[in-house]
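The whole structure should be built from the sequences, with the hints applied where relevant.
Counted the way my numbering counts, the sequence shown spans residues 89 to 321.
What the hints contain is simulated information worked out from the structure, not anything from laboratory work.
Any given hint could be a false lead.
[Claimed, not checked] Lysine-lysine pairs mimicking BS3-like chemistry, simulated, CA-CA at most 25 Å apart:
| hint | residue 1 | residue 2 |
| --- | --- | --- |
| 1 | Lys93 | Lys126 |
| 2 | Lys285 | Lys126 |
| 3 | Lys118 | Lys92 |
| 4 | Lys124 | Lys92 |
| 5 | Lys285 | Lys118 |
| 6 | Lys93 | Lys124 |
| 7 | Lys92 | Lys126 |
| 8 | Lys124 | Lys285 |
| 9 | Lys93 | Lys118 |
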Amino acid sequence: MLTKKQHELLIYIHGHLSENGVSPSFDEMKEALGLKSKSGIHRLITGLEERHFIRRLPHRARAIEVVRLPEDMNQQRPERHPAFAPNVIQGNFSGALAGHKPSDDVEAMQLPLYGRIAAGTPIEALRDHNNFVDVPATILGTGEHYALEVEGESMVDAGILDGDTVVIERTETAENGAIIVALIDGEEATLKRLRRKGGAIALEPANTSFETRIFPPERVRIQGRLVGLIRQY
Numbered sequence: 089m090l091t092k093k094q095h096e097l098l099i100y101i102h103g104h105l106s107e108n109g110v111s112p113s114f115d116e117m118k119e120a121l122g123l124k125s126k127s128g129i130h131r132l133i134t135g136l137e138e139r140h141f142i143r144r145l146p147h148r149a150r151a152i153e154v155v156r157l158p159e160d161m162n163q164q165r166p167e168r169h170p171a172f173a174p175n176v177i178q179g180n181f182s183g184a185l186a187g188h189k190p191s192d193d194v195e196a197m198q199l200p201l202y203g204r205i206a207a208g209t210p211i212e213a214l215r216d217h218n219n220f221v222d223v224p225a226t227i228l229g230t231g232e233h234y235a236l237e238v239e240g241e242s243m244v245d246a247g248i249l250d251g252d253t254v255v256i257e258r259t260e261t262a263e264n265g266a267i268i269v270a271l272i273d274g275e276e277a278t279l280k281r282l283r284r285k286g287g288a289i290a291l292e293p294a295n296t297s298f299e300t301r302i303f304p305p306e307r308v309r310i311q312g313r314l315v316g317l318i319r320q321y
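This is the structure we're talking about:
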């Protein structure tokens, strides 16, 4: 039997893991439960661990695994926006650059392939009008889309690896928690998770080796939202 606060914390941890791929920090847990100190969170975590609802992974920061859920979880779990979970498209859809065609039984669409997304380069400057990539039409919604090659390892915990091709829906707005292409100060483009915190915008990596960067809203312009991923092997 869990206490009300233990149950509330378990639901919050599970939802945060599902949405972000990592467990929340003690500060985030404290704020979510309305507690005044981290010591209260520590006691709740210890209680959940003793009751075998969670497991703390050794030698890793912010590493909590939910082992099981209470039976009434579905009734009390708050509604959350679904996070991006990479549905990796393998093989010949990215072969258009090499002159290959996609499989005949899968409808494909051509998207403009921009260069590698890297700090210091606006998205518009990356575009090469001679390069396109074929992607399955099933991963595209309405609106305009483009593709980008990923450079670096800042989003590996979200399943986005160096050298992957990401499919981006062009938009100037995105929901909190979405993975976006952000343009900082009109000159630096980056692929990060969007977090709105009060009057600020946080660009959050999915790798504990990288730091979250926080900016006033006027310094950040959303240029697109991640909707798909293509990987070659």
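| said: Lys124 and Lys285 were given as a pair; does the straight-line alpha-carbon distance stay at or below 25 Å? | reply: holds, 19 Å
Exercise. Could you grab the alpha-carbon distance between Lys285 and Lys118 and see if it respects the 25 Å cut-off?
Key: holds, 15 Å
*Mind checking the alpha carbons of Lys285 and Lys126 for me, to see if they're no more than 25 Å apart?*
holds, 20 Å
Open item on the list: Can you confirm whether the C-alpha distance between Lys92 and Lys126 stays at or below 25 Å?
Closed with: Since the Cα atoms of Lys92 and Lys126 sit roughly 17 Å apart, the hinted pair holds (cutoff 25 Å).
Exercise for the section: Please work out if Lys93 and Lys124 have their alpha carbons no farther apart than 25 Å. Expected result: holds, 13 Å
Next on the checklist: Check the hint pairing Lys93 with Lys126 against an upper bound of 25 Å on the C-alpha distance.
Outcome noted: holds, 14 Å
- Pair hint Lys93 and Lys118, alpha-carbon separation not exceeding 25 Å: holds, 11 Å
Restraint status (C-alpha distance of Lys124 to Lys92 at most 25 Å)
Measuring from Cα to Cα gives roughly 17 Å; hence the hint holds.
Straight-line Cα separation of Lys118 and Lys92 no greater than 25 Å?
holds, 15 Å
Hint check: no violations occur; every hint is consistent with the structure.
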